[in-house]
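Residue numbers (my numbering), protein chains in the order written: chain A, 23 to 469; chain B, 23 to 469.
I should point out that these hints are in silico values taken from the structure, not numbers from a laboratory.
Any given hint might turn out to be false.
Because identical chains cannot be distinguished in the list, a pair is counted as satisfied if it fits within a single copy or across any two copies.
As the list claims (entries may be wrong) - Simulated pairs of lysine-lysine, BS3-like, Cα-Cα distance not exceeding 25 Å:
no.: 1; residue 1: 104; residue 2: 216
no.: 2; residue 1: 46; residue 2: 179
no.: 3; residue 1: 96; residue 2: 128
no.: 4; residue 1: 175; residue 2: 212
no.: 5; residue 1: 296; residue 2: 370
2 protein chains.
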Amino acid sequence: MSLDLERNELLERILNGTDEEVSKLVEDLHPVDILDLLHDNQEEFLEVLKKLPDWLIADIVDEEKDEEKYEILKKFSEAKQKKILEEMSSDELTDLVGALDEEESKNILKNMNAEDREDVRQLLTYKPDTAGGIMAKEFLAISENQTIEETLKYLQKEAPEAETAYYIYVVDDNEILKGVVSLRDIVSSKFSTKIADITHENVISVPYDMDQEEVAQKFTKYGFLTMPVVDEDNIILGIITIDDIVDIMQEETTEDIHRLGGLDEEEKVNGSLKDSIKSRLPWLIVNLVTAILAASVVGIFEGTISQVVTLATFMPIVAGMGGNAGTQSLTIVVRGIALGELTGENAKRVFLKELLVGLTTGIVIGAIIAVLGYIWESNVIFGIVIGVAMILNMLVATMSGFIVPVILKKLKVDPALASAVFVTTVTDVLGFFFFLGLATVFLQYLI
Amino acid sequence: MSLDLERNELLERILNGTDEEVSKLVEDLHPVDILDLLHDNQEEFLEVLKKLPDWLIADIVDEEKDEEKYEILKKFSEAKQKKILEEMSSDELTDLVGALDEEESKNILKNMNAEDREDVRQLLTYKPDTAGGIMAKEFLAISENQTIEETLKYLQKEAPEAETAYYIYVVDDNEILKGVVSLRDIVSSKFSTKIADITHENVISVPYDMDQEEVAQKFTKYGFLTMPVVDEDNIILGIITIDDIVDIMQEETTEDIHRLGGLDEEEKVNGSLKDSIKSRLPWLIVNLVTAILAASVVGIFEGTISQVVTLATFMPIVAGMGGNAGTQSLTIVVRGIALGELTGENAKRVFLKELLVGLTTGIVIGAIIAVLGYIWESNVIFGIVIGVAMILNMLVATMSGFIVPVILKKLKVDPALASAVFVTTVTDVLGFFFFLGLATVFLQYLI
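Work out the full structure: start from the sequences and follow the hints.
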């Protein structure tokens with residue numbers, strides 16, 4: 023659908039075409055598709071790239087991963103680099119420079135025009151994960167006294183350079199944000215209409231220091247395409263567009279999913295063996311330490327186990343069920359925090375609910391396992407011991423599944439990070455302790 | 023920022039204002055905010071709602087959860103319902119009707135105008151999770167012979183009703199999709215320019231039966247705001263907009279995260295106790311069965327454990343580490359499938375990598391635990407037994423972390439579903455079997 027031409031034919035035509043033919047050919051292709059083509063044909067990478075117009079090279083650089091962007095740019099002369107940089111918007115330039123070391127970023131900044139350089143320097147002062155760090159400076163702003171016709175003429179000149187032309191911000195002489203008009207409203211209005219008549223005054227903006235995850239939540243909640251970023255005085259600093267937000271949402275959820283699964287947030291399914299091992303081994307070693315901790319608890323009770331060896335058989339059930347119940351609570355709480363659904367207001371209620379879930383499911387699972395234990399060992403006390411241990415462990419599991427991520431959040435650590443390790447450690451250590459401890463207390467009835 | 027007025031004051035002003043005052047007041051408020059206000063003031067819900075203009079009630083119905091939409095609508099007379107329905111777009115109406123039983127949907131369809139009713143009937147024929155099921159019929163289409171000025175006049179009439187005015191599709195007389203022009207290109211062009219001169223011919227579209235998750239991947243890849251949906255003959259059927267995609271992405275990732283965590287996909291952190299128990303208990307019972315399976319393996323070896331009781335102490339380490347390694351592989355593979363990064367082409371390479379990750383990390387962790395086992399029991403063979411068992415278990419863990427979701431995907435079952443249960447079962451059962459089996463074989467050297 024996206025590429026009507028066969029890829030090889032496309033490659034041939036780019037390599038053998040005149041500049042004009044290539045310009046015409048690539049006009050309707052998406053830079054992402056061309057970047058894919060380049061990656062699939064590494065030998066012809068540079069040769070193809072050199073045939074492309076500057077604006078397209080700029081788009082391709084932007085679509086490339088941050089750490090690879092400069093690798094593409096470096097292949098060109100300084101003069102050509104200047105032309106390519108000219109075609110990039112301020113947030114794209116900031117992403118590019120942000121990934122470089124001091125030496126390289128100096129080189130790049132030197133090749134920008136003065137205005138872009140100033141914009142990038144300013145954007146680099148914001149934290150990368152905040153509204154300021156992801157916004158672009160290329161927004162459209164007009165005064166409310168203009169007419170639709172004047173605005174359309176202004177757009178004919180300015181829209182091609184803007185990050186988005188679909189929302190135009192209405193500002194006063196001091197750049198203070200007064201409202202917004204949509205391009206849809208503009209084209210739906212008569213040429214003589216005044217901007218003031220179609221301005222929406224209650225414009226929803228975000229402060230420059232808002233965390234990007236919170237910005238993404240606002241976009242999702244309101245279904246916006248664009249949001250303006252303002253400072254303390256409501257002066258408009260830049261805009262954020264939905265396409266950047268979609269990328270951020272995907273990044274943030276991948277990060278959460280990876281952290282819950284005990285992986286580095288940047289590991290890729292199609293990455294290298296070395297990267298995978300670097301991502302996983304540290305977590306496995308942390309887990310080894312916690313597993314040894316759990317094992318030591320069992321070690322304390324070796325005397326009991328040697329007398330009632332069936333305890334060893336039931337150990338995996340107690341630990342496993344606690345781990346599962348803990349993971350359930352943890353998952354719902356971590357996702358609730360990420361979606362902004364778990365707030366200060368409802369935290370108490372959610373905690374109470376988790377406690378009751380632990381108690382209820384603990385009683386059900388505990389009753390089943392008690393009956394099973396009784397049948398297996400033909401001993402009522404054995405059944406009661408494992409049943410009670412199960413209830414206690416599932417209660418602890420849901421509690422820690424709630425408490426651990428909430429504490430991490432308070433400490434401003436990502437709740438998904440390390441939560442799983444802490445929760446499993448708690449359920450393993452306490453699970454074995456309850457089970458084997460109770461068995462030791464009632465040992466005389468078990469032998 | 024979003025609501026300058028205090029909420030209580032806003033409520034007062036809506037309740038006591040004249041129709042005109044209220045119209046003016048709510049014009050710049052976002053329907054999401056008004057819906058929040060209504061939910062926070064249940065007693066005044068209906069009274070406030072009745073003061074609002076029809077278009078805003080329509081927006082509020084659309085923002086409400088699917089199963090609650092009709093509850094709002096029902097509060098009004100048939101005549102008023104007709105007016106509200108008139109203000110809703112075809113995809114919104116389809117969401118509304120799709121959530122109702124036959125009786126209720128008949129009532130709603132009866133109150134729509136003929137065109138909307140026809141649109142909704144048609145949209146309901148597509149599967150809800152496909153491109154056809156999420157598209158809207160209100161798109162803008164023009165012929166390539168028009169000028170910019172003619173197009174602007176067409177937009178002044180049609181844009182207010184359209185789902186988006188930012189992309190206008192160029193079609194021939196048979197509604198076959200020929201290209202696309204952006205509103206930005208239109209406003210950046212001279213009034214006399216022909217549409218043909220600014221048409222992008224290589225428009226990327228999606229077939230009506232494409233799964234919504236794949237549609238979302240395309241949006242993310244290309245950074246689009248809108249995509250057209252076509253049939254087999256490339257006739258344009260409707261459009262999908264990014265704001266719907268953002269909601270779908272969030273739904274789909276929540277679903278994946280929940281399933282990986284052993285939860286029902288629809289459980290909410292702020293939901294009821296009953297819903298939580300209904301979501302979790304079935305999974306816990308499935309897990310109980312698999313835990314009993316693992317326990318039975320241990321049960322087989324009770325004789326061995328009774329002779330070397332330290333085996334019981336080391337059991338949690340072997341099982342726990344296998345579970346962790348399996349979860350890591352599972353997480354990266356499930357996320358890779360969801361992001362479209364694990365494909366038929368690279369599956370073999372990824373499998374080989376997972377195998378090598380299992381082997382490498384297994385050797386590292388196995389070596390550590392072998393030394394520890396040797397020190398604990400002062401017995402080299404004990405160290406070797408647990409070390410080798412660890413290597414085998416971690417190898418099996420990464421393998422099953424890859425194979426289980428890939429098989430589920432082939433069977434067209436969501437890979438996130440049940441994967442965790444299968445993988446933990448495999449690592450628990452085989453982990454205990456390797457460890458206790460090897461110990462039994464070498465029992466004479468361990469006593």
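These are the hints, each one checked on the structure:
For the homomeric pair residue 104 and residue 216, neither the shortest alpha-carbon distance inside one copy (40 Å) nor that between copies (33 Å) is at most 25 Å. Taking identical chains as interchangeable, the C-alpha atoms of residue 46 and residue 179 lie at most 25 Å apart only when both belong to the same chain, with a minimum of 23 Å there against 34 Å between chains. Only within a single protomer do residue 96 and residue 128 lie at most 25 Å apart by alpha-carbon distance; the minimum there is 13 Å, versus 64 Å between protomers. Taking the shortest Cα distances, residue 175 and residue 212 sit within 25 Å of each other both inside one copy (14 Å) and across copies (9 Å).
Taking the shortest alpha-carbon separations for residue 296 and residue 370, only the inter-copy value of 17 Å comes in at or below 25 Å, while the best intra-copy value is 44 Å.
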